[in-house]
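Residue numbers (my numbering), protein chains in the order written: chain A, 21 to 566; chain B, 109 to 424.
Worth flagging that the hints you see were computed from the coordinates, not collected in a lab. Zero decoy hints are in this set.
Ranges of calculated distance between the beta carbons of each label pair, as one might list FRET restraints:
1. B:Pro-177 with A:Thr-544: 31 to 41 Å
2. A:Arg-148 with B:Glu-412: 33 to 43 Å
3. B:Thr-247 with A:Asn-229: 25 to 35 Å
All C-beta atoms, glycine included, are put in the ideal place defined by N, C-alpha and C.
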Amino acid sequence: MFTLPHRLKEKNPQFAREVKGRLKPRNVLTTVLLSALAQLLLLASYYSQLPGVESTSAKFPDVYNRFCTITRESFSYRACTQDALGNWVVDWQMWWQEIVGVISWALPLLLLTSAVYLLINDLGREERRGTLNFVRMSPERSQNILLGKLLGVPVLPYLGVALIVPLHLFAAIEGGIPLGYLAVYYGLILLLCAFWSLLAILFAWLGGNQGWLGVIALWLCYTTFAQVARHQPYQLKEAEGNLVLNLPNWWGLSTGKIEILLVFGLITLGPATLLLWKAANRRFRRPNATLLTRTQSYLATAFLQIWLLGFVVVSTNNARYPETMNDSLTLVLVANLGWFLCLMAILLPHRQTLIDWARYRRQQVGCQRTGRQIPLLSDLVFGENSPASGAIAMNLAIAVGINALWVSNWPVLSDRPDHRFEALFALVMAATSLLLCAMVAQLLLMQRSPKRAVWTATTIGGLLLIPPICLGVFITTYGITPLTLLWAFTVASPVLVWQSSGSLALLGWLSQITACALVTSTLTRKLIKAGESESKALLGSVRSDV
Amino acid sequence: MQQVLAISTQGLTKRFEHHYAVRDVDLQIQSGEVYGLIGPNGAGKTTLIRILAATEEPTLGEVYIAGEPLLRGQDNPSLKRQIGYLPDDFPLYDDLTVWDYLDYFAHLYQLREPHRTRRLHEILELVQLSHKRNSLIATLSRGMKQRLSLARTVIHEPTVLLLDEPVSGLDPIARVQFRDIIRTLQASGMTILISSHVLSDLAELCTSIGVMELGFLVESAPLADLYRRLSQQTLVISTLGAIAPLIAALKQCPECRVLATIPDQGEVRVQFTGSNETAADLLRSLVHAGIPLTQFHPEPANLESIFLTLEHQQTA
Numbered sequence: 021m022f023t024l025p026h027r028l029k030e031k032n033p034q035f036a037r038e039v040k041g042r043l044k045p046r047n048v049l050t051t052v053l054l055s056a057l058a059q060l061l062l063l064a065s066y067y068s069q070l071p072g073v074e075s076t077s078a079k080f081p082d083v084y085n086r087f088c089t090i091t092r093e094s095f096s097y098r099a100c101t102q103d104a105l106g107n108w109v110v111d112w113q114m115w116w117q118e119i120v121g122v123i124s125w126a127l128p129l130l131l132l133t134s135a136v137y138l139l140i141n142d143l144g145r146e147e148r149r150g151t152l153n154f155v156r157m158s159p160e161r162s163q164n165i166l167l168g169k170l171l172g173v174p175v176l177p178y179l180g181v182a183l184i185v186p187l188h189l190f191a192a193i194e195g196g197i198p199l200g201y202l203a204v205y206y207g208l209i210l211l212l213c214a215f216w217s218l219l220a221i222l223f224a225w226l227g228g229n230q231g232w233l234g235v236i237a238l239w240l241c242y243t244t245f246a247q248v249a250r251h252q253p254y255q256l257k258e259a260e261g262n263l264v265l266n267l268p269n270w271w272g273l274s275t276g277k278i279e280i281l282l283v284f285g286l287i288t289l290g291p292a293t294l295l296l297w298k299a300a301n302r303r304f305r306r307p308n309a310t311l312l313t314r315t316q317s318y319l320a321t322a323f324l325q326i327w328l329l330g331f332v333v334v335s336t337n338n339a340r341y342p343e344t345m346n347d348s349l350t351l352v353l354v355a356n357l358g359w360f361l362c363l364m365a366i367l368l369p370h371r372q373t374l375i376d377w378a379r380y381r382r383q384q385v386g387c388q389r390t391g392r393q394i395p396l397l398s399d400l401v402f403g404e405n406s407p408a409s410g411a412i413a414m415n416l417a418i419a420v421g422i423n424a425l426w427v428s429n430w431p432v433l434s435d436r437p438d439h440r441f442e443a444l445f446a447l448v449m450a451a452t453s454l455l456l457c458a459m460v461a462q463l464l465l466m467q468r469s470p471k472r473a474v475w476t477a478t479t480i481g482g483l484l485l486i487p488p489i490c491l492g493v494f495i496t497t498y499g500i501t502p503l504t505l506l507w508a509f510t511v512a513s514p515v516l517v518w519q520s521s522g523s524l525a526l527l528g529w530l531s532q533i534t535a536c537a538l539v540t541s542t543l544t545r546k547l548i549k550a551g552e553s554e555s556k557a558l559l560g561s562v563r564s565d566v
Numbered sequence: 109m110q111q112v113l114a115i116s117t118q119g120l121t122k123r124f125e126h127h128y129a130v131r132d133v134d135l136q137i138q139s140g141e142v143y144g145l146i147g148p149n150g151a152g153k154t155t156l157i158r159i160l161a162a163t164e165e166p167t168l169g170e171v172y173i174a175g176e177p178l179l180r181g182q183d184n185p186s187l188k189r190q191i192g193y194l195p196d197d198f199p200l201y202d203d204l205t206v207w208d209y210l211d212y213f214a215h216l217y218q219l220r221e222p223h224r225t226r227r228l229h230e231i232l233e234l235v236q237l238s239h240k241r242n243s244l245i246a247t248l249s250r251g252m253k254q255r256l257s258l259a260r261t262v263i264h265e266p267t268v269l270l271l272d273e274p275v276s277g278l279d280p281i282a283r284v285q286f287r288d289i290i291r292t293l294q295a296s297g298m299t300i301l302i303s304s305h306v307l308s309d310l311a312e313l314c315t316s317i318g319v320m321e322l323g324f325l326v327e328s329a330p331l332a333d334l335y336r337r338l339s340q341q342t343l344v345i346s347t348l349g350a351i352a353p354l355i356a357a358l359k360q361c362p363e364c365r366v367l368a369t370i371p372d373q374g375e376v377r378v379q380f381t382g383s384n385e386t387a388a389d390l391l392r393s394l395v396h397a398g399i400p401l402t403q404f405h406p407e408p409a410n411l412e413s414i415f416l417t418l419e420h421q422q423t424a
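Chain A with its partners taken away, still in its complex shape (with noise of 0.2 Å):
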């Protein structure tokens, strides 16, 4: 008869070793102790805020708390009453609902800290030491390891975190809180771990080992959360049983009702989860490769443009002026920035990769077996080492198809007729400079500094920050002259569409297109040259000593 422990083993041997090296008995007593100690310590705190034996005077005779039942305020106290045998007549229910707060606030964010911190000390320290490279030997699957990781390194705060759950659930049906909603908040918790779990995993996998800056990163967006978790009871009472949030809508549907926030947390959460999830399966498969395959970023892509327009479709639909609809695109434009930031880091190519790739291109393995040569436009947009700036391309295509078929339905605006042409072209100019940048990326990556990353990375931030704030106080203070077409050459382009003339925005994008020309011909120069041949490069250099 096998016992759990073992069956636990066979399945998935990693969080077995995980769990076996974290639950010692200590370890689990002071876990069991610190959350009972907590529990307490809440309870107590919130006890000793309940009416007690305030003293009463003939110039105050009432007492004030906030958890009294109401029968009238004063200022935003409560005046209290007592029961036929001088208890004070209190207002459980929402002394449970603000415990009930408090959980909710903490809850996440103790689990969501020790989860983040914990895994990227774990994975840093077994990257460093090359220990995991033996796991990776192993044909258990990567998705085992990184499930037994995910739930294993973090156990003892997921242990403490689970104890406080029950007085979670008592206090919310105290508090009259739909269980329901409790269904929802746990449910969008866990795929929050999931999510932030999986970036912490991927941090240490990409050489860093700063837990702390993963907590640092972690607290700043919980913000947010925290906000919408925090108030949710308030809420609750105050729209008489229905959940209400000042959250905005999303394809039409408010994302405040309870059932739709479920979904909108799905169908955020989960695909970005899942993308993380084959990240860092494939990262953990192949330490080299980039984090995701092209074919999976053009989805990616795809998803994030839906999911985007959800935002501003409705808002752009019964809007009276283009201003409000340039706002809604530009809103789009940023989030793209950041999107296609990102797509550059998880997609370019390094050094090494793009050399062979120049110089074995048509002997690579696939070639060999299968004696057919992948045609260069199909290799640069599906393939895996060649130059992303084809599929950097390709993302940028479906991004503006996406994004131009709603732009072609705004509604016509009789004084404004050519607004929805400038947003198009507005559309075109900025996927041209995002090209741009990548291929400037591209090149600089291609360098032979062993910082190349560092320096790419820093030349970049220097591209998207300081030209748009020099030109900006340039145009503030010297209006449109014909330096406003450097413009063109800066993350914010669109900028020369709304604000100048047709003429000079399509100098503009000519200038752009010629620019692109250019670093593609650099960066297929350096190319040809990291791809000849020992022999040729040899001759070259003594005909050149000649």
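Fit chain B to the supplied structure of chain A, relying on the hints for placement.
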């Protein structure tokens, strides 16, 4: 019927920047062999072994383990079950006991009960760590850690065992223990590829030798074949008297070339290219010349001299 090769590579190449670590290597190792890989530092031995172990992707070329191709970017689970790889550094989990560590890897390699427990006992006995099964890894000596790493490498009974500098940093006793384990593993039918700078160990263990130089596999042959082709006969001749007459007499012999002299011991080492009959003639002439000989015998061939000869040939 042709026997399937345990390891086979075709045009295996690995570049770092424009430098070739491994260059167009066609390696073929028969099943059951112990193949020694030798070469100076930076010759590409470690990179070659890492590619064979699937921990490094080749720039070009293909690898077959027992006839099965190693597919790039794939999990290759069935292939991983056939390979055991012990790198020259061997990080371990210090917080685990010896048993737990091996048990963890036995699970990762999907060994099932009751075979798993039996295998753990077998392997602990093989590496002589049965008495340490409940000790924390942090408390083991370097030699024990090395043996534990080897135990982890062979826990799943791979058909191909790749060992990169397995005896570096070990004391002589630990080296002897390690050699004995390798012999046992060979007897169990494993094909072993071993890279080492300790050529005397390789000479004892190996059936074939490969020599790497600047990324190329410049020599790959059975050890006996190498001895036959490349070993040079060296004669050791000693005299009780002065060494000068002996050297003068040797200069008369066209098949002799003095390699070294040790005047204190009256000993001369001579590279001899003649046949057995010529050697007999030489001995007779030295005796007739009145040289009081105490030694006249051929020195046995060794791997070190072959390695030095090959290196010399290549440089030339």
